[in-house]
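Its first residue numbered 0, the sequence shown is counted upward by one per residue in numbering that gives the first Met the number 0.
Rather than coming from a laboratory, the hints here were simulated on the basis of the structure.
Honestly, I wouldn't trust all of these hints.
What the hints assert, rightly or not - With a Cα cut of at most 20 Å, we get these calculated EDC-like pairs of lysine to aspartate or glutamate:
#1 K217 / D232
#2 K217 / D175
#3 K217 / E191
If you're wondering where the values come from, they're calculated on a predicted model, not measured in any experiment.
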Amino acid sequence: MTQRLAVHSTGPVGAPDVVLLHAIATSSAMWAMQVPILSRRFRVHAIDLPGYGASAGLDGRTDGLAGYADTVVATLDALDIRSAMIVGVSFGGMIAQRMAIDHSPRVRALVLAHCGARTTPIVSTLWDERWAAAEVTGMPGQVDATLARWFTPAFQEASPQVMAWVSDMITQTPPDAYRASIRAIQQLDHVEALSQVRVPTLCIAGSADAATPVDAAKALAACVPGSALHVLDGAPHLAAIETPHAFTEAVLAFLCDRAPACESRGANSRTVP
Numbered sequence: 000m001t002q003r004l005a006v007h008s009t010g011p012v013g014a015p016d017v018v019l020l021h022a023i024a025t026s027s028a029m030w031a032m033q034v035p036i037l038s039r040r041f042r043v044h045a046i047d048l049p050g051y052g053a054s055a056g057l058d059g060r061t062d063g064l065a066g067y068a069d070t071v072v073a074t075l076d077a078l079d080i081r082s083a084m085i086v087g088v089s090f091g092g093m094i095a096q097r098m099a100i101d102h103s104p105r106v107r108a109l110v111l112a113h114c115g116a117r118t119t120p121i122v123s124t125l126w127d128e129r130w131a132a133a134e135v136t137g138m139p140g141q142v143d144a145t146l147a148r149w150f151t152p153a154f155q156e157a158s159p160q161v162m163a164w165v166s167d168m169i170t171q172t173p174p175d176a177y178r179a180s181i182r183a184i185q186q187l188d189h190v191e192a193l194s195q196v197r198v199p200t201l202c203i204a205g206s207a208d209a210a211t212p213v214d215a216a217k218a219l220a221a222c223v224p225g226s227a228l229h230v231l232d233g234a235p236h237l238a239a240i241e242t243p244h245a246f247t248e249a250v251l252a253f254l255c256d257r258a259p260a261c262e263s264r265g266a267n268s269r270t271v272p
C-alpha cells in the first residue's frame, strides 16, 4: 500500500505542517470547519484516505493500520514533508497512532481524537454486524445508525443541512473502502507499542461520545507517556462537526504549544472566533 493519496493543502508555505486524517465513511471534507482556522497559522494538509474522496482504493489489499500509515507517509514523501503534526479523528486517529509507532521521526506531535488503543472483541463483533448490514442495504442503509453514533439527538434534529452533508459522505463511501477500514479497525491493538512513543500527544474525548467513551480515551492516554487528555463537555463522536469551536480551540492550543512561531501567523489569539 504505497500509492500517493489525494491531498488538499492550504495555508502559508513554510509554516509548520499539519496533517488531518478523517474518520471512517467520511473524507477530507469533514474538516471543513477546522481548515480555515488552522490554516491561518499552519500549512494544513487534509488527506483523503485510500478509497475515500479523490483517493484511489486499495485494489483488494488488506495491510491493516500499518499499511494505511505507510500510505500516508508515502504521501508526505511525495510532498517533501519530513515531519508533521498529525491530527486524526476516530479511524484517522488509529492510523495516526500507527504512524507514531512505525514512523516516529515523521511525527512531530499527535492529536488523537475519539479513538482508543485497542478494539475489544465485543466492538469487533459490532463492526462485523455493521458490515453484514451494509452488504444487504448498501451504504445508504448505514446512515441512520451511523448518525446516531456520531451526533447527539438534539444536534441531529436542529441541523438537517449538516446531517444531509454527512449522510452524503457516508453514502458516497465505496463499500470496499468501508470494508477495508473495518478490517483495520478490528486489528487495532496498540496498547504495548504506544508505550514506546515519545511524541507530544493530546487525546481528545467527548463526554457524550456514544462510539468511543471517555474511559477508552483515558486508557489511550495512559498508554502514551507524557500525553494529555482533554474532555469536551457535551461533545459527541464527531465533535469536529457538532462542536467545532471547542474542538478546534483544543487542537489549536496544543499545536501552537508545539510550534510557538505559529503565533506570528494570522490572528494573535488562540481562541477560535
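A quick look at each hint next to the structure:
| no. | hint | result |
| --- | --- | --- |
| 1 | K217 / D232 | 15 Å, holds |
| 2 | K217 / D175 | 32 Å, violated |
| 3 | K217 / E191 | 15 Å, holds |
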